[in-house]
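K.L.:
Next come the chains, spelled out residue by residue.
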Amino acid sequence: MNAGDTAWVLISAALVMLMTPGLAFFYGGMVRAKSVLNMLMMSFISLGVVTVLWVLYGYSLTFGNDLGGGLLGGFDFVNLNNIVGTLVGVAPTDAAAPWVDGHQIPHVVFVVFQLMFAIITAALISGAIADRAKFWSWTIFIAFWVTIVYFPVAHWVFNFNGVTGTDFVGGWIANKLGALDFAGGTAVHINAGAAALALVLVLGKRKGWPREPMRPHNLPFVLLGAGLLWFGWYGFNAGSALGAGDLAGVAFLTTTAATAAAILGWLIVEQIRDGKPTTLGAASGAIAGLVAITPACGFVNPLGALAIGLVAGVLCALAVSLKFKLGYDDSLDVVGVHLVGGLTGTILIGLFATTSVNSAGKEGLFYGGGLELLGKQAAAAGAVMAYSFVATLIIAFIIQKTIGFRVSAEAEATGIDEAEHAESGYEFSSLRSGGTTSAKHAEHTAEKVSATAAAGKEG
Amino acid sequence: MKLVTAIIKPFTLDDVKAALEQIGVLGMTVSEVQGYGRQKGHTEVYRGAEYSVDFVPKIRVEVLADDTTGDKVVDAIVEAARTGKIGDGKVWVTPVETVVRVRTGERGTDAI
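Sequences listed follow chains E and U, in order.
Just so you know, the numbering used here puts 179 at position 179 of the first sequence, and the rest follows in order with no gaps.
Just so you know, the numbering used here puts 59 at position 59 of the second sequence, and the rest follows in order with no gaps.
Quick caveat, the hints were computed from the structure, so don't treat them as lab data.
Relax, there's no trap hidden among the hints.
A short, non-exhaustive set of chain U residues, derived as facing chain E with CB atoms under 10 angstroms: (1) Glu44; (2) Val45; (3) Tyr46; (4) Arg47; (5) Gly48; (6) Ala49; (7) Glu50; (8) Tyr51; (9) Val53.
Ranges of calculated distance between the beta carbons of each label pair, as one might list FRET restraints: (10) Ala409(E) x Glu44(U): 21 to 29 angstroms; (11) Gly375(E) x His42(U): 46 to 54 angstroms; (12) His42(U) x Ile398(E): 39 to 47 angstroms; (13) Phe366(E) x Val45(U): 34 to 42 angstroms; (14) Arg215(E) x Glu79(U): 34 to 42 angstroms; (15) Asp54(U) x Glu423(E): 26 to 34 angstroms; (16) Phe75(E) x Glu44(U): 52 to 60 angstroms; (17) Glu423(E) x Thr5(U): 32 to 40 angstroms; (18) Gly375(E) x Glu50(U): 37 to 45 angstroms.
Now the stretches of chain E that chain U is said to cover, found in silico as 3 or more residues with beta-carbon under 8 angstroms: (19) 274 to 281; (20) 320 to 326.
We put the beta carbon where it would ideally sit given N, CA and C, even for glycine.
Work out the full structure, taking the sequences as your base and the hints as a guide.
P.N.:
This is how it looks when you write it as structure tokens:
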């Protein structure tokens, strides 16, 4: 065990935790003022429900010894038993688990770090169904979704043989297929993006979409949220090196380079297509770049990172206008940014991966590795996308048919904040918040009210 | 007595206010409103999709005047608010039955 590595992963866990409130503001600013609180809450509740499930059985299903076929972890760590006092990265058998080898860290530290990934993945989906989901239905959806979709998929991708226990077997994508995913392009972004698409198809469009523009009510929030996400993403990507060394530095650098290029890519598309570069576009471009570099950040060089970022910025900027043509109300572009960006990054690893930055990685097509890696990347991306889409469709459909998933048309029109939470984000009107009555009048009114109440009792 | 109501472009408000002060108007009520006339709205682009925005932001100015100064008020507003471009707004005059100053209870032209 190395104190430096342990400290870095602990800090990284805290950084990734901050991404979820950051996401809440990124999304919250994009909705209309009447639904900002509900949007914030959809992310925030993920911190609550996913953490509880992670402690009870989530970590175990993800990182326990494989139950068979590399599909799901076992019950070795239920209630987080057998964790404290042990190390992670004990006996990795696979060379494809490079960022663990020689960097053993306390198992508990790994548990909290991985928890933050589960939390934000569920929260990411919420943007697709802004303004219209019942709060408790969404919460129940998260509980089922992480159990049936995230925990298994994270097991496929993140659980390497021999990492959480001697002779432990991990997931099929990481060990049998051997596709590369450094920090979660498949398990986090493709997974959340495909789930978002399924959820949109079950819940349907918002009233008035796409006739009404439904523009963001607070773009400063959006940019603030994007900034917090970017900051937290260093924990997500560089933290996934699971050690404070060269590889963490590579991931930090490639993350920054790709994000920068993606901002430019997105804004150039907007300038050409719409005639104006927008704040929303800059924020979205940054996120698209961060998403795309996530799987690749530990396997590509800085030039590869610039290329991946630029391609992701351009593709995602084009993808977000698809929903208007195809008619699905992916309200805050979870599909356009996370699914498309995740696919972009995961597939481009097949071209840009190079062992010159990470000896345990593989060579992509451009570095003499041929088409083999590209095929593996496509297989991993396709498997996660298909499983997440179908499983989410079923979960969402069952919730829709039993307890209902959408708020009433009236609640949607007047605003989901009042309907679901009895609050409003901004109390600017003096008629609502008081302050229009002078002390003299207040006294007078109080007398009248108590007199009326007394009369009511007698009657 | 008359109530002069004017719908004007927001950026002309300062000029209109100055013009009214110059002819001795002592008070006015101003509100932010939205609407459209013959110009209709305009189009905006969001995420690559084009939307028509029907309602354009305007300022509504309301001024009370006695029967003799009503026309002067109208002329002052029209002159100050005109840019010559489409969407300059409208001014209309309606008769007012009575006016009361709340603090003193004065009625009629004394209350203006």
